[in-house]
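Residue strings, one per chain:
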Amino acid sequence: MAARQFSSILLIFSLIASFASGDQPSSGQGPDFAREVLPILSDKCFACHGPDAKEKELKLTSYEEATQLRNGIRAIDPGRPDHSELLFRITDEDDPMPPTKAKPLSPAEADVLKRWIESGATYARHWAFEKPQRHPDMNRIDDFIAAQLDTQNLAFAPEADLRTLARRSALVLTGLPPNPNEVAELVSSEDPRAFEAFVDRLLASERYGEHRARYWLDAVRYGDTAGLARDVRRGLYPYRDWVIQALNNNLPMDQFITWQLAGDLLPNPSLEQTVATGYVRLNPTTNEGGTIPAEFQAKNNFDRVENLGTTFLGLSMLCARCHTHKYDPVTHQEYFELLAFFNNTAEAPKDGYKYDHPPVAKAPRDIADWKRYKQLKAFEIASFNSELACELDEIESRMTVTLVAKEGKPRDTFLLERGDYLSPVGPVLKPGVIAAVGPMPEGAPRNRLGLSQWLTSPEHPLVARVLVNRLWQQVFGVGIVRTPEEFGLQGEHPTHPHLLDFLALEFVASGWDQKAMLKRIVLSRTFRQSSYHRTDFDDPENRLFARGPSFRLDAEVIRDATLQASGLLDPTMGGEGVKPYQPAGLWKSIGHRKSNTRIYVPDKGTKVYRRSVYVYWKRASPHPMMTIFDAPNRESACVGRSRTDTPLQSLALLNETMRVESARKLAESIILEEGIDESRIHRLFELQVSRHASPTELAACLSLLEQMRSEYARDEELATALLETGHAPRNEQLDPGEVAAWTQVVTTVMASDPAILLY
Amino acid sequence: MEADPQRDHELMLTRRQLFGRTRLGLGTAALAGLSGSSAFANDGVGLHHRARAKRVIYLFMAGGPSQHDMWDYKPKMADLAGKELPSHIRDGQRVTGMSKGKLMVMPSEYSFSKFENHDRGVWVSELLPHTAKVVKDLCVIHSVHTEAINHDPGITYIQTGSQIPGRPSLGAWLSYGLGSENSDLPGYVVMHSMGSQQGTSLFGRLWGSGFMPSNHQGVVLRGDGDAVLYLKNPKGVLRHHRRAQLDALASINQAHHRAFGDPRVLARLEQHEMAYRMQAAVPELMDLSQESESTWKLYGEKAKVPGSFEACCLNARRLAERGVRNIQVFHRGWDQHSNLRKELPAQCEDIDRGCMALITDLKQRGMLEDTLVVWGGEFGRTAYSQGKFGSENYGRDHHPRCFTMWMAGGGVKRGITYGQTDDVGYNIADEDGNPLLPPQHRRPDKHHLTPGAVHIHDLNATILHLLGIDHTRLTYRYQGRDFRLTDVHGHVVRDLLI
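Residue numbers (this note's numbering), protein chains in the order written: chain A, 1 to 759; chain B, 760 to 1257.
Chain A on its own, in the form it takes in the complex (with noise of 0.2 Å):
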């Protein structure tokens, strides 16, 4: 007892010594158990010693565990490492730990341990499962980033131009390039604060929910389809939509939680909180013949729960669906008991291969009527007169299906053997949270609106830090805590712990102003470095963050910003998804012949050239533009996609029709309004790169431009060829030759670094 309070006072030491010096580890006599030693015991001897140990198996994961005498030996001695059998056995060469089968320790590894047991073996609990810390006198995004590159005698990297800085801050807030005349009045404004001016008008652009949305969508797994068996069209599309607006109104982020896990069970539930929780139902569904309902109402609830976990706790739960955890503090039983908050939902197992699988509510079609309908039912209360009630009724009368959660009929829970169905065993399960994370909230109930006041609680560990650190990753391309599927032990330590921790903390006093939060981060000197990789020092990983982020865009803002320099981009917003070009056969070539989206029917008009965040999305072959470009199918959750560069991208940018077409009505538009070459160009890089093309890129392109001209001079023919690409009408009024030339010059640039990369 006596030992275990030491223990305790010397971890307090330990924590202030490591605020103290910033964000770095502390220096002091042992290492950092949390950061230094727990990462080892974690990976290398969890897999037998971890939570889920055998009865009679030594178990390394706490102090009195660890310390305690068992048959006259202790693994660790506290102080004594020539006393500490676990330091002999990691050395002994004929039974050696951890076994010659399993991953082997290294020598630096081992000396840590050692280091460790001398200094007296504190432990202290996981980074991520203890409350954030406010530092003492850090409270700008920038004191943080600068601690660390203090340490390193580096100094932030210079400021990037306004240009670069309009285009990086409009592509990471709306997914588009910005518009060159705001550019333009940006770089000439004398105003100090002009930038920060730009910024808001940004944050307060409908586009920004469009583009913000995805990232959650993607988390989600939202699809337009069931996504099983035969992978059938289901209604969530007011979710979606649903989904875009709540970003726009900057709905806090605490009530966008609730609201999607439990609008339903809130007072007198609105439309749009009922409409959110088509999160619930955003699970892959079957209705495949001869499908055992018992068997996917366990997979159905698996999958929820297991989405909760890298959604909002960053934890994988899926060790815990078989056993107990081998690294995270989750055990078999808790799985189980967060799968019972789930397991009363209404919805049959099987989806009866239904667009509508009840329970559904009715919603507004598209973006416009949801707004109007909000408007005319906040009228309704104060005073209506028949023309608006005959409006609302309109909007009623063409509202469409959207699959919603409600409680229905009890089940029964039990702790499933190994994760099978069959095998329940044990006491009906109550409702309950992670123990180790934290209770839930005092008088909280037993249900999905108990489960999200866990989640939004401020004593929550985690909820709040994984957001910031998404937001930061969707800004930067890396994340603090570059695993933003996983806090847990096995996760990456954060770069900067105590920087998390911060906006952490300031976002739930912000009262979740996920807007707020993201201007913070714009505006900060860290977001605004140049991104030039610096020759002074190695950091390829940008670990420091002493550059500005660089990355290549994903696919939907590759599409929509070539959609909007063509002057082609339909801005209508939500309703059904859309279905731009796509090649014929990729869905027949997979789809049941009963499956009722076997076939692809590209839409006609200007449909095709709305935003990809409405792009139809079938989740067993979703839209190849997006796939290429490393979107996930949305089966499951996914909070951080792959950027992956591949020749099949290079023939995606210069031959898919829709760039075509969007680079031949943006030759046109350039011709007219520019009277000479270079002119042309610089508009061309204007209206995509926000700034002029330089000497080389001049050059460059007037080569080409050159090239072009005398090939299709020689043959018209080939020129109308070209210019037939993609339904757009061509303007006959140009000459076929010259248009053609200037679309081959356009292609280029829009699949050009400078056009598909942030930086």
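In case anyone wonders, no lab produced these hints; they're calculated from the structure. Careful, some of the hints might be misleading.
To be verified - In silico lysine to aspartate or glutamate, DMTMM-like type, Cα no more than 20 Å apart, as pairs:
1. A/K101 / A/D43
2. A/K101 / B/E1128
3. B/K994 / A/D735
4. B/K991 / A/E724
5. B/K1205 / B/D1246
6. A/K103 / B/D1241
7. A/K103 / B/D1229
8. B/K994 / A/E732
9. A/K588 / B/D983
10. B/K991 / A/E717
11. B/K994 / A/E716
12. B/K1101 / B/E885
13. A/K101 / B/D1246
14. A/K588 / B/D985
15. B/K994 / B/D983
16. A/K103 / B/D1246
17. B/K994 / A/E738
18. B/K994 / A/D715
19. B/K1172 / B/E1128
20. A/K101 / B/D1229
21. A/K594 / A/D356
22. B/K1063 / B/D983
23. A/K374 / A/D393
24. B/K1205 / A/D356
25. B/K994 / A/E724
26. B/K1205 / A/D420
27. A/K362 / A/E380
28. B/K994 / A/E717
29. B/K835 / B/E1190
This one's a predicted model, so the numbers in the text were calculated from it and none came from an experiment.
We have chain A already, so just place chain B on it with the hints.
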């Protein structure tokens, strides 16, 4: 491209950025693979041990082919015909929601003949006259088993190691482990053959990369339109136009690299060049005009129809010749719940000749030795009839407990059969035909290696093994866990190996 140490260094940095050390459960071998060069050196050293196969061609039969009518000959079933399946044989086996009422044993209506192999011979049904000719090269496994009883979970399970979507596919794991040997073609190619039935679904996840970087997903080689998506230049754009475009692009991108020092810009330039080469290499691949008369005799005229199974098999051989090491053909329509009499012969006709031709062709070219060919579906079909017994439109339901697959070449024993089933083809059996059922025996499961039985995890472990990969060591870290294709299961079935 000439060697440039500075550039190599920058590319290496790129890789470090791409696959930061913490995410990668592998050493430099897999890194080499990721860069497009080969982890599989010419001396045959695999990633973890000597590889027996340099490449794999997986002929996947989606829907669950009826082993009863193709491979698993059960003459004694005649005695039980039209009688209820004995309950000790069913042994509490869960059945799908489609098996209702009494389960009436339905012997195959097709005649079987015994063909000589290098072992005790193998029975093949009249539905596979062509494949029967190459059984001396096949290793026919009668005892593959799985837990999944429906298509979506079943096909996801055998192709990704998990019944719930989200994991990388077998092909993605191979891409991750093996890399590519051809710098003009993708390393992992998938084909969908168009057969007579389309009553089963496929999903992108079956060749998808799950939580791995998406460059490991299979590239679909299509039968119609562009062979590879967006391969062709738009109308009005000629190849030398594209060259000029790429030169301008390179100049712009290099300037960007000078301005920002981002090494990935250079990596991306290489991808543009590879795309340009692919635009030549893929048409060359798909151009069958140079194939000899004997090829057409072997594969038959249907091989000239793009998207036919025969065409896919011929393409598979052509891909293999060109250094593509990871090839999958998906053939759908094996889901005969009803109309077995009409549909099954058509399905067999779809694939029979192509299988034979591929094996023969590879063998003639000396490639079978180091090419692993795998044939099979996600599960088998029941011994009892679905629909009224013996009715015109009877069929068979899904059966996970035992089904037949075959492998050939690439280090697998030639001309043997492996594993037995009981007299009704319902359970895996011991040498004497006694079902491996409790209480005398432990029923084969995924947790144990049962001699004579091959769980789908065992099958995948064995495929990886033949390609020089230890399935327990090919890991990818996601959500803090080192994932494997075989999860925590799988055993290499050494009995199948030469």
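The hints, checked one at a time:
1. A/K101 / A/D43: holds, 14 Å
2. A/K101 / B/E1128: Roughly 32 Å separates the two Cα atoms, so the pair is violated.
3. B/K994 / A/D735: holds, 18 Å
4. B/K991 / A/E724: Since the Cα atoms of B/K991 and A/E724 sit roughly 15 Å apart, the hinted pair holds (cutoff 20 Å).
5. B/K1205 / B/D1246: holds, 10 Å
6. A/K103 / B/D1241: Cα-Cα ~11 Å, so holds.
7. A/K103 / B/D1229: holds, 14 Å
8. B/K994 / A/E732: This hinted pair holds, its Cα atoms lying about 18 Å apart.
9. A/K588 / B/D983: Holds - the C-alpha atoms of B/D983 and A/K588 are around 11 Å apart, at most 20 Å.
10. B/K991 / A/E717: Cα-Cα ~18 Å, so holds.
11. B/K994 / A/E716: holds, 12 Å
12. B/K1101 / B/E885: Cα-Cα ~15 Å, so holds.
13. A/K101 / B/D1246: holds, 17 Å
14. A/K588 / B/D985: With Cα atoms ~15 Å apart, A/K588 and B/D985 stay inside 20 Å; holds.
15. B/K994 / B/D983: holds, 17 Å
16. A/K103 / B/D1246: holds, 17 Å
17. B/K994 / A/E738: holds, 16 Å
18. B/K994 / A/D715: holds, 13 Å
19. B/K1172 / B/E1128: Holds. B/K1172 to B/E1128 sits at ~11 Å (cutoff 20 Å).
20. A/K101 / B/D1229: holds, 13 Å
21. A/K594 / A/D356: holds, 18 Å
22. B/K1063 / B/D983: holds, 13 Å
23. A/K374 / A/D393: holds, 13 Å
24. B/K1205 / A/D356: Judged against 20 Å, a Cα distance of about 38 Å means the pair is violated.
25. B/K994 / A/E724: holds, 8 Å
26. B/K1205 / A/D420: holds, 13 Å
27. A/K362 / A/E380: Answer holds: A/K362 to A/E380 is near 19 Å, not above 20 Å.
28. B/K994 / A/E717: holds, 10 Å
29. B/K835 / B/E1190: holds, 16 Å
Violated hints for the displayed structure, listed by number in ascending order: 2 and 24.
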